[in-house]
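Start from chain Y and add chain Z according to the hints.
Protein chains in written order, with UniProt numbering: chain Y, 1 to 548; chain Z, 1 to 479.
No wet-lab data here; the hints were simulated from the structure. None of the values given here were measured: they were computed from a predicted structure. All C-beta atoms, glycine included, are put in the ideal place defined by N, C-alpha and C. Treat the hints loosely; a few may be bogus.
Label pairs and their calculated CB-CB ranges [unchecked claim]:
id: 1; chain 1: Y; residue 1: D271; chain 2: Z; residue 2: A87; range: 56 to 62 Å
id: 2; chain 1: Z; residue 1: A87; chain 2: Y; residue 2: Y109; range: 50 to 56 Å
id: 3; chain 1: Y; residue 1: S200; chain 2: Z; residue 2: D73; range: 40 to 46 Å
id: 4; chain 1: Z; residue 1: R29; chain 2: Y; residue 2: D204; range: 39 to 45 Å
id: 5; chain 1: Y; residue 1: P418; chain 2: Z; residue 2: E453; range: 45 to 51 Å
id: 6; chain 1: Y; residue 1: V532; chain 2: Z; residue 2: P344; range: 32 to 38 Å
id: 7; chain 1: Y; residue 1: G419; chain 2: Z; residue 2: R123; range: 52 to 58 Å
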Amino acid sequence: MRRFLISQAKKGLVDHTTRRQHHQTRSFLSLLPPSFSANSPRAAPLVSLSRFMSSTSDMAASSDSTSSLPVTLDSINPKVLKCEYAVRGEIVNIAQKLQEDLKSNKDAYPFDEIIYCNIGNPQSLGQLPIRFFREVLALCDHSSLLDETETHGLFSTDSIDRAWKILDQIPGRATGAYSHSQGIKGLRDVIAAGIEARDSFPADPNDIFLTDGASPAVHMMMQLLLSSEKDGILCPIPQYPLYSASIALHGGSLVPYYLDEATGWGLEISDLKKQLEEARAKGITVRALVVINPGNPTGQVLAEENQRDIVNFCKQEGLVLLADEVYQENVYVPDKKFHSFKKVARSLGYGEKDMSLVSFQSVSKGYYGECGKRGGYMEVTGFTSDVREQIYKMASVNLCSNISGQILASLVMSPPKPGDDSYDSYMVERDGILSSMAKRAKTLEDALNNLEGVTCNRAEGAMYLFPRINLPHKAIEAAEAEKTAPDAFYCKRLLNATGVVVVPGSGFGQVPGTWHFRCTILPQEDKILAIVDRLTAFHKSFMDEFRD
Amino acid sequence: MSLKALDYDSLNENVKNCQYAVRGELYLRASELQKEGKKIIFTNVGNPHALGQKPLTFPRQVVALCQAPFLLDDPNVGMIFPADAIARAKHYLSLTSGGLGAYSDSRGLPGVRKEVAQFIQRRDGYPSDPELIFLTDGASKGVMQILNCVIRGQKDGILVPVPQYPLYSATISLLGGTLVPYYLEESENWGLDVNNLRQSVAQARSQGITVRAMVIINPGNPTGQCLSEANLREILRFCCNERLVLLGDEVYQQNIYQDERPFISSKKVLMDMGAPISKEVQLISFHTVSKGYWGECGQRGGYFEMTNIPPRTVEEIYKVASIALSPNVSAQIFMGLMVSPPKPGDISYAQFVRESKGILESLRRRARMMTDGFNSCKNVVCNFTEGAMYSFPQIKLPPKAIQAAKQAGKVPDVFYCLKLLEATGISTVPGSGFGQKEGVFHLRTTILPAEEEMPEIMDSFKKFNDDFMSQYGVGYSRM
Chain Y
1 MRRFLISQAK KGLVDHTTRR QHHQTRSFLS LLPPSFSANS PRAAPLVSLS
51 RFMSSTSDMA ASSDSTSSLP VTLDSINPKV LKCEYAVRGE IVNIAQKLQE
101 DLKSNKDAYP FDEIIYCNIG NPQSLGQLPI RFFREVLALC DHSSLLDETE
151 THGLFSTDSI DRAWKILDQI PGRATGAYSH SQGIKGLRDV IAAGIEARDS
201 FPADPNDIFL TDGASPAVHM MMQLLLSSEK DGILCPIPQY PLYSASIALH
251 GGSLVPYYLD EATGWGLEIS DLKKQLEEAR AKGITVRALV VINPGNPTGQ
301 VLAEENQRDI VNFCKQEGLV LLADEVYQEN VYVPDKKFHS FKKVARSLGY
351 GEKDMSLVSF QSVSKGYYGE CGKRGGYMEV TGFTSDVREQ IYKMASVNLC
401 SNISGQILAS LVMSPPKPGD DSYDSYMVER DGILSSMAKR AKTLEDALNN
451 LEGVTCNRAE GAMYLFPRIN LPHKAIEAAE AEKTAPDAFY CKRLLNATGV
501 VVVPGSGFGQ VPGTWHFRCT ILPQEDKILA IVDRLTAFHK SFMDEFRD
Chain Z
1 MSLKALDYDS LNENVKNCQY AVRGELYLRA SELQKEGKKI IFTNVGNPHA
51 LGQKPLTFPR QVVALCQAPF LLDDPNVGMI FPADAIARAK HYLSLTSGGL
101 GAYSDSRGLP GVRKEVAQFI QRRDGYPSDP ELIFLTDGAS KGVMQILNCV
151 IRGQKDGILV PVPQYPLYSA TISLLGGTLV PYYLEESENW GLDVNNLRQS
201 VAQARSQGIT VRAMVIINPG NPTGQCLSEA NLREILRFCC NERLVLLGDE
251 VYQQNIYQDE RPFISSKKVL MDMGAPISKE VQLISFHTVS KGYWGECGQR
301 GGYFEMTNIP PRTVEEIYKV ASIALSPNVS AQIFMGLMVS PPKPGDISYA
351 QFVRESKGIL ESLRRRARMM TDGFNSCKNV VCNFTEGAMY SFPQIKLPPK
401 AIQAAKQAGK VPDVFYCLKL LEATGISTVP GSGFGQKEGV FHLRTTILPA
451 EEEMPEIMDS FKKFNDDFMS QYGVGYSRM
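Pulled out of the complex, with its shape left as it was, chain Y reads as follows (with noise of 0.2 Å):
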């Protein structure tokens, strides 16, 4: 990953140069009429149209590129052609190949289903919806049905309630309307109820931008802080690699810290710090951190004391803390309990004008599951007016979040209660899927610490495993061989043994030298004892072939 920040930093020191034309190009905005750019102060001198009245042959003389189609793969952004994103990249397009194939061709394996564990996706691995949440989502969708007799011995009376209520949040109860581009805000209400509930600290609903599941937040705010690779932002490393990617994509520079295997993936302060410097005597600016608690792809729950040290560490270095919290009900074990970025702040004294925050959350994790609805919000502190509007504006180009997702994301953050009619069935899903991931996790954790060169941190809280595989030497001969990383090969291997998909940890970053992959603990637990008897086979074959 150094090697990473020097060639970034080399290609800000290019960029530097192309900013400087950038600005004096800015003019050709002026093509449009002044009344268009009337708003805009840094409108340059105008031009009038009627001025360029040229002659067609004019146009004979340019090219626009040496290739007869104006999109090909030489002349699309290359910062698209940068941008990776493992989670659904080569090895899940080989997987999907192989399903299609089993079907007509069954034989020719040696398993007969592909098990995804390459993302966090629970439904699709045969998770049940929490009924309650459901409930109130087809009422919403269909009101109509909130006038008909028969709809009461259907659907539960809190959930009837709840439909109503949202509805009478909603103007015109209109759940086909575009809303607020920040969400509704009697949901935003309720959200921001949820969020004090939780911390114990006031929240503002104004605060609060509903988006399309968390990853679309992620990317506004690297929007907004990227200009250009001169901008930096710390990501963690493992990270998740939305975050990589949508640097990638915003043409900023990734400055990589490690988490410590050795410490449960722990995050040293002095690690951060020195990152920190060495960025900055490159001439690279560090806008923000990024912490994914409870971790992706790590599984660690960062302890209380750690937050306070890197909530201090982004107020004295003047760092916009970006805090990943969609894993925030998926702690499974009784040490460690998930305590938000902003009650750590907040207790710690600091308030909205002491630092910047963000934190984001999601439908699609937790107990909950629920990835195809994208839903999500970011909950942003500590910015002045002037950026919030900047915020604003970037969410109203998309109009707004879709409404389904902005209702479940109201969901999640105030569940039954005692005493609701849904309460104990509801109690009785949510406990049963969490109780099951805490069992799968250490099944899994397990297993894998049971193979040969093989370590593997325990899964705290969040959906995945990520185990440190030492390869032998053979091995990763072989894999250079075919010009693939060695984890990949590793992942690859698998996948033709045993229709188990798995990322390789060089789709997340890793400590150089060193492999790993992940895989989530999704599955159902039946799934769970295949997976562990298929790997642990494959493993022994694997080293039996390539052990030094």
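Chain Z in isolation, oriented as in the chain Y frame:
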């Protein structure tokens, strides 16, 4: 060095430069007034359900069943859902892997993309490949994804009609590219003159801009015109000669309010033209569930279809789509339902036809009421809304009004629209948000207010305009 992490000055310039008028100053003021208890008629966004249009029943039934699949096992489900909705919900659930709660393929559910391809094939009479159709969270997301691939920097230009829908200017600005405007001819019913295009391209090139793509909005937003087949041929030939990707914004294809110029897709015209041009022009067409008689804006469902885009570029677009994981699944099902609505013989067919025809016929009447209303006002002229959801009248502002606007520090049409809002509660978007020729002023209003409220709205507009024109001196109206 400042310790505050996010000073306004240090934000991405592209973000600061971006403008999005549909939700700009006017909208914010309208929201304030609404909070103060004033009745606001929001005609600023094409958001039909917000103005009382009822959702079509059948798709809502199907999606509600998909939301609550446990109902399908309940013996009483038939008491509140018709059998064809139940069958269709089962069908769509079978196309998913894990229902509405699982990420789909990043390009959208393969089964729904197949239905979209069949729809395009029926519409155009030419084959369509589901592999080249990507479902998106609304058409806007699709436009952003494509422009993100096309724009490499400030030197890349995108031809955009003026007046235009500000999604294009905002996105181009966010991505740091250059908008190259071409003017639609108001006196020619907002027609597109290929000579204007040539000039725009020549001028941009003389300034070192590589023009890479051209946007057409058909039917037009905010201008409401429908492009003729001949015009589309010219445009395609132009794109072929100039090697431009054509981005065809066709989200209003169901919204047609006259019979002379029905909607015809760019893809059909391109295919009709035959080889070699049909194999050369790169075309991306956009569609949505937010418009038409569906108006399901809040679902955020859309798709784009790619024609003549090389496979490796498609792979890159897929990669970028995969970073967002997947479009929301319930909107994908809405899209499936939109492209394959109930058929004759289905239980819900009659109701579906009644509802959708009712909406379209009413929109047609409203388009007429609105344009006629504007044309009966002093110093206001308005082309007929042939399609889409908007009227875009020109307001001939007297010099005194322009003077007053300057004194107030406002662009003249913003000034006019603010006054209109304060006086009547009608929330419109000033023409300057869409672009217009210098010294000419417009406003955009949707034709979406309820039909029964329309006469009253037009009356109150007329009264306001009369007062405004007499206050600022009608005598100087012809500019």
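Item to check | Violated constraints from the hint list, given by number and in increasing order | outcome: 2, 4 and 6
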